[in-house]
Amino acid sequence: MREKQNTLKILLKSGLLSGVIALSVSMIGMVGLFSQRDMIAGVLTLGQLLLFASPAAFAYLEAVKISKDDWRKGLLAGLFIGVLSAIPLIILVIISTLVNLRQYFVSVSDTLIQILTFNQDVFLGSILLILVMAFVGLIAAGMRYMPIKYRHPIFQGLIWTFGVSLFSEVLSERVRSFFGSFITKIMFKSRATQPLFAIVLFVFIAGITYWQQGHKSSIKDFIDNQPPKKKRQYQLIFLGIGILILIILPLILGTYLSEVINNVGLYILMGLGLNIVVGFAGLLDLGYVAFFAIGAYTMAVLTSEGALGISAFSFWAALPFCVAASVSAGILLGIPVLRMRGDYLAIVTLGFGEIIRIMANSDLLKPFIGGAQGILQIPKPSIGNIVLFKPGQLYYVILIGVLIAAYISWRLRDSRLGRQWMAMREDEDVAEAMGINLVNTKLLAFAIGAGFSGLSGAIFASKLTSIFPHSFNLLISINVLSLIIVGGLGSIPGVVVGAAILVGLPELLREFKEYRLLMYGGLLIVMMLAKPEGFWPSTIQKRELHAFQESTSGNDT
Amino acid sequence: MIILSANSVIKQFGGLVAVNKFTFDLLEGQIASIIGPNGAGKTTFFNCITGFYKFDEGSIIFNGRSLEGKSPDLITRMGIARTYQNIRLFPNMTAIENILVGLHPRLKSFWVEAILQTPRVRKEEKEAEEEANRILDFVGLSGLGDQLARNLPYGAQRRLEIARAIASNPKLLLLDEPTAGMNPKESSVMMHFIQNLRDETGITILLIEHDMRVVMGISENIAVMDFGTKIAEGTPTEIQTNPRVIEAYLGRGAAAGFNK
Amino acid sequence: MRQRFQDIDYLGVVLWLLRTGIIILVIWGSVATIIQNPYSSKTWMDFIVFGVAQGSLYALIAIGYTLVYGVLFMINFAHSEFFMSGIFTATILLANPMKASGFLDSHPFVGLGLITITAIIVSVAIALLTERVAYRPLRKAPRLVPLITAIGASFFWQYFFRGLFGSEVKPFPQIEGLIGKIPFLGTEILINQVVVIVVAIIMLIGLYIFVMKTKIGKSIRAVAEDKDTAALMGIDVDRAISITFAMGAAMAGIAGVLYAMVFRQVHFFMGFIPGIKAFTAAVLGGIGSIPGAAVGGFFLGMFESVGPSLFLQGLGIPAPHQLKDVIAFTMLVLVLIFRPQGILGERLAEKKA
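Residue numbers (my numbering), protein chains in the order written: chain A, 169 to 725; chain B, 1329 to 1588; chain C, 1103 to 1455.
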């Protein structure tokens, strides 16, 4: 009896929590804005998906807690959570008919209410909402009772279908340019997938996944099973294919996507630098944007054809100076903070970043770098007489930069210096007692990290052809920090993954941009709670965080 | 030949005099110990030698050079290595990586060479790895190189810490309670290991130790510390019969240490 | 010869040069300013009073940083959002509607009281929620981890409230009875500045007494000293930490109301700069110490308000007030380099810095 009451209490709690989350995403405007993006034409919008995500997740999680045989109870729990999730939303709908909530909460618009009530009146809409939410909860809970043999393909199918639907806009443009408009029309409708195509896609992916389960072998297994000599050959072949893809990428992607890739590339470059500072050496730097700014301003002053520029340098001639300027700044700003640790370092570097931005904005330096008006007329890079003005051409400049930075990171990580950084990260005092000169080791981390960032800034300036102080605010530092954490601190491929997720996605889905930092913030918390080593962890990070989880779980029991 | 000579070293923390006019000479190739009750200032003295603390007065001369005001890394590169009372390995690095960090002062390559992968770097890294494995074998941890330091058993961690310390090829090795937390059997193994280490490499060893069996068993010279000052110095037999030492220990009810 | 070079402490030399350089710059600037004498003594007095008012706001916010740092040894990056959330909510849901309906003009102090209570409740709620979700599960994690969640929480709340109430700057209504000036030492000062200073001082003293004298305060100090031992002594550590967060957030909530009274506007990003400044104040005074936070706050406020005119004007720098944040951050850096334990430093700061 008591147990029953307890279960009921837990269900009540998570149901209401799920409802409050659904209410929150509605009230801060995410549901409203995301509803503008259709996913499956006429069937599902991103806003609805977001709304249903919370009851689905909670119903599934609660069902997992209930014993496997008791499927009736599990389904009931899902249903219950679904219904409860609808309640806060219905209260919102009812209040909004009585009071004009819009004057307080900017996002509680008529559109939002229409979305929540499925364009019906309050009474009918509320009932519909309860039914739909209950249905979602039921299905999500039901998933748990499905054998894994079926569950896995269904998840895969859903992920692919939602993924393709989400990126319909970009994909349809690509499909059109390669296969013509007829095929495009079959697959996509404006910015969404056609319902029929969505179903076909789902069945196709689910089918393939189901079939694959019987045939376990993957390419990786195949290579691993080869004799060493052959293995090396295969690895070289795959490396070659990888390089080839990187080279022809702009041709596949087209102008818009190339532009996106370029932005991602600049962030990868910065991420690789910050990865050395934070990931390898363990020095949390929140003022990292300063070096990006210094690289950009150096490029601007040296090459601009405007009033403030020297204009004597070409892009290529200026590049070494930009990197050198950032490296020097890295050392100069590094010296005062050498004796600081952890969180103090974070806040001081944050202060440095702000100082640089305020200085760039101030009247003091206005005669040199233009104050708030910035520097204009920065030429794009050129090779001979060819000006690299298209994103597809600039791509190669950025690609080379990224490859060089990644190579340097990789070599240094496995070198003596890399071990010094690692030791310093683990225990600064002991590292020093092992004969490691902390001053040099730290300054090298700051300098190399700053150099990558300066390179990125230099390319950035010449890519945009004009720069302003407001492009160099704290949020860039936070972006870069977030992306290396999401990818996995200390992991080089992790930087690429992180940049693709945190920079690439919001560029592709303009609706995301508005809530970019909200999602970054949430993501940082969720990552640290659930997957602190990131999506593509480095070995050492995995070890360390694993140790912490072992110790906490040990203490719980 | 005197390798380390401390002369009237004073170290204060606010009003507390942790090391008070401590004078001590160490001969090359010797195994010597500093003993004394908890809080007598032994570890503080170690920290003064290694540069972790800056001592307030007096002088410490190592191999003819003053250690005053030198940074810990410089002192290590001059030839002093240490271990810690509460083991301080790099827990998330493997045993080999720990030793490689210890080898650091002996490596010469520049980081730019590492990026370019010059032949010199490759050779040096290969040799370093071989050397690290050799040291690992020497301390009796063969085959544990790929284990994470924190996953090693306690005794192995102690040995690894010593391995990491001797990797820098020191002239003087400071061991802070190497047998702490060990049972009599383990500590006697450790004792023989230390003796062996000196006999094979000729390293000078200075110990802080509480286990009197170990101290009396391997030390050639013993200094007794109490309240930061040296109250006695001499061979094990001299120390065992010294009335001031017995008083210092008995007075605190710690005589049990002697009766072991 | 090579050994000789190795023996020189380059870092020490560079830092010494840095310190000397800044001292010379400050003295030179001040002397030049005094010779030029660009402002009347009344203006200087205004600067000082404004500085003290500003400083008392910093002090109130700094309390939150100091309390949490004292207990958890972490910089609670999201503290500036506790400050913002309370007053932002109270302004939108209470102050502006009350102003529109005329209630605020007819009962200014009742209204102000309601606004303050709402601000405190929201700030405390946000603080407790953040602590529960983002910090508590990570107490044993490496130090970098909770710091990252704190940064995450900070941005999350900023943009959460932006989504809720919009991104524009919202006006905070004028409170009847707090307009105007009163004569003071031959000059006049704004009444709302007096209110800010008085309220801040009362709150700071009250909090100090609370932490030092009450049982809850003692349990917090015990937890700050040693969590495991405190738990053995039967203190509910989680509860003590929650109370610490709540107290800090309540102070931030009050600071929010005072801030809105002085600057008459609120927006979602308003916490950021006061937050960093307050942290600077906490470090300046000696993080972990309540009187330190107060002293640090007042110092920083004064420096910021008087500093640009005094130090920079004389150097011929155009528009020196643009650089007041630079002065604050430079102070933070200097304090952390040369006196990491702060003015009234507690011993714990030394090892952590």
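Just so you know, these hints were derived from the structure itself, not from any lab. If you're wondering where the values come from, they're calculated on a predicted model, not measured in any experiment. Quick reminder that beta carbons are idealized off the backbone N, C-alpha and C, glycines included. Careful: at least some of the hints might be erroneous.
[To be verified] Using 20 angstroms as the maximum straight-line C-alpha spacing, the simulated SDA-like pairs for lysine to any residue come out as follows:
#1 C:Lys1426 - A:Lys699
#2 A:Lys681 - A:Ile298
#3 A:Lys181 - C:Leu1231
#4 C:Lys1201 - C:Ile1281
#5 B:Lys1436 - A:Val665
#6 A:Lys181 - A:Ile298
#7 C:Lys1242 - B:Pro1419
#8 B:Lys1382 - C:Ile1281
#9 C:Lys1242 - B:Arg1478
#10 B:Lys1436 - A:Gly586
#11 B:Lys1499 - B:Arg1478
#12 C:Lys1426 - C:Val1128
#13 C:Lys1426 - C:Leu1231
#14 A:Lys233 - A:Ile298
#15 A:Lys699 - C:Arg1234
#16 B:Lys1382 - A:Met508
#17 B:Lys1454 - A:Gly586
[As the list claims (entries may be wrong)] Derived list of chain A stretches under chain C, where covered just means 3 residues or more per stretch with a C-beta under 8 angstroms from a C-beta of chain C:
#18 499–506
#19 547–559
#20 688–694
[Stated by the list, open to error] Computed far set for chain A versus chain C, every beta-carbon distance over 12 angstroms:
#21 Ile178
#22 Gly200
#23 Gly210
_Which constraints among the numbered hints does this structure fail? Numbers only, ascending._
1, 2, 5, 8, 11, 13, 14, 19 and 22
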